[in-house]
Amino acid sequence: MRSHATTLAAAALWGLGSLGAALAGPVEDTLTVTTDAGEITLVTTAPAPEHLRDVFDTIYSGWHFREDETRDLERDDFDNPGMVFVDRGRDMWNAEIGANGESCASCHGGPESMKGLRAVTPRVDPESGKLMLVEDYINECVTERMGREAWGMTSNEMKDMLALISLQSRGEIVNVAIDGPARPFWEKGRELYYTRFGQLEMSCANCHEDNWGNFIRADHLSQGQVNGFPTYRLKDAGMVTAQQRFVGCVRDTRAETFKAGSDEFKALELYVASRGNGLAVEGVSVRH
Amino acid sequence: MAENAKPRVRVPKTAAPGDIVEIKTLISHQMESGQRKDAEGNVIPRSIINRFTCDFNGQNVIDVAIEPAVSTNPYFEFTAKVDQSGEFVFTWYDDDGSVYEDRASIEVG
Numbered sequence: 000m001r002s003h004a005t006t007l008a009a010a011a012l013w014g015l016g017s018l019g020a021a022l023a024g025p026v027e028d029t030l031t032v033t034t035d036a037g038e039i040t041l042v043t044t045a046p047a048p049e050h051l052r053d054v055f056d057t058i059y060s061g062w063h064f065r066e067d068e069t070r071d072l073e074r075d076d077f078d079n080p081g082m083v084f085v086d087r088g089r090d091m092w093n094a095e096i097g098a099n100g101e102s103c104a105s106c107h108g109g110p111e112s113m114k115g116l117r118a119v120t121p122r123v124d125p126e127s128g129k130l131m132l133v134e135d136y137i138n139e140c141v142t143e144r145m146g147r148e149a150w151g152m153t154s155n156e157m158k159d160m161l162a163l164i165s166l167q168s169r170g171e172i173v174n175v176a177i178d179g180p181a182r183p184f185w186e187k188g189r190e191l192y193y194t195r196f197g198q199l200e201m202s203c204a205n206c207h208e209d210n211w212g213n214f215i216r217a218d219h220l221s222q223g224q225v226n227g228f229p230t231y232r233l234k235d236a237g238m239v240t241a242q243q244r245f246v247g248c249v250r251d252t253r254a255e256t257f258k259a260g261s262d263e264f265k266a267l268e269l270y271v272a273s274r275g276n277g278l279a280v281e282g283v284s285v286r287h
Numbered sequence: 000m001a002e003n004a005k006p007r008v009r010v011p012k013t014a015a016p017g018d019i020v021e022i023k024t025l026i027s028h029q030m031e032s033g034q035r036k037d038a039e040g041n042v043i044p045r046s047i048i049n050r051f052t053c054d055f056n057g058q059n060v061i062d063v064a065i066e067p068a069v070s071t072n073p074y075f076e077f078t079a080k081v082d083q084s085g086e087f088v089f090t091w092y093d094d095d096g097s098v099y100e101d102r103a104s105i106e107v108g
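First to last, the protein sequences are chains A and B. Numbering-wise, numbering that gives the first Met the number 0 puts 242 at position 243 of the first sequence, and it's gapless, one number per residue. Numbering-wise, numbering that gives the first Met the number 0 puts 84 at position 85 of the second sequence, and it's gapless, one number per residue.
With the rest of the complex left out, here is chain A (with noise of 0.2 angstroms):
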């Protein structure tokens, strides 16, 4: 294994070793979000996958390892800016946008009809065989159902829609399919995990494997897990989602970056998704 406490010497030998193991690590605390219906605990710890043993005993939302004001605006749906976004959601769910003036509720009814979607996504579409994340559902129904103009991959509308929908799926436990048709995608995706790009050299792995836990400057590295997106990051006062987030990361590695929405960024989705098969798809989670 590729321990936690190897990196966590590692930093101590470079004298880092009393700031890093004060700070380092995420916080123990228990996510339940009060909502219109109730109170919902989400699973935001669990064993990795069977795929992810050999490197992580256990897995963690990225929610353990933001700071307590970023964690408590998660755990009140009214507090959660991110619930302005899904109420935009609704408006364009219920609109008769289409060219014959259909609407999401004229074929699916509620939202509800959602649920369990974002736990299972990316997925292989049995008919077509193409990977297909949730912004694809979204654009198939958008361009073949409703014809009109593909909304863009991180267009707001096309966040908005996300939000809601994730929403839907909120405490249901990620588990996307690996085998069978998914395969090659998934395979294709850890590939690009730990490939290393741009400028720095550096691989999804470098941050979120070797060094979760441990400070970037001033970020705290978490492992990189996507059950929480789409995100309300504050820094951007919007909606991130996990296309535009890769971008980011890539980015920073200063590369040229592939496109959201692109093959490479489906299939490292997939993989990363799987990376967090056991926990809770979060809805829209707050992050900073």
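Calculated directly from the structure, the hints in this document are not laboratory data. Be a bit skeptical, because a hint or two may be false.
In silico lysine to aspartate or glutamate, EDC-like type, Cα no more than 16 angstroms apart, as pairs [said to hold, decoys possible]:
| hint | chain 1 | residue 1 | chain 2 | residue 2 |
| --- | --- | --- | --- | --- |
| 1 | B | 5 | A | 86 |
| 2 | B | 12 | A | 35 |
| 3 | B | 23 | A | 90 |
| 4 | B | 23 | A | 263 |
| 5 | A | 129 | A | 263 |
| 6 | B | 5 | A | 263 |
| 7 | B | 23 | B | 86 |
Put chain B on the given structure of chain A with help from the hints.
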């Protein structure tokens, strides 16, 4: 009307007479300060919510004058003493003349 202005309120459904209840309100609004410039250097006109009020059974609970420094999606949390059942009426006044209203009832007894 400002795009996407959407009020949300949380008021307890029940309370005992004389209770002090906690009220939370939020309205989504861009709160454009009037201090910023666009890419061409033109000033983006001010567009904010400039006043927020809450009344309970016709009696004023809170009346807030809001200035441009208040950030996007203004959030107010305050308390009110309730002696009888009734309805809270929340009103937000936009620079452009729009008025947004929300209501919430409370059962006291």
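Hint-by-hint comparison with the structure:
no. : hint             : result
1   : B:5 with A:86    : holds (8 angstroms)
2   : B:12 with A:35   : holds (12 angstroms)
3   : B:23 with A:90   : violated (22 angstroms)
4   : B:23 with A:263  : violated (43 angstroms)
5   : A:129 with A:263 : holds (13 angstroms)
6   : B:5 with A:263   : violated (37 angstroms)
7   : B:23 with B:86   : holds (15 angstroms)
Violated hints, in rising order: 3, 4 and 6; the structure is consistent with all others.
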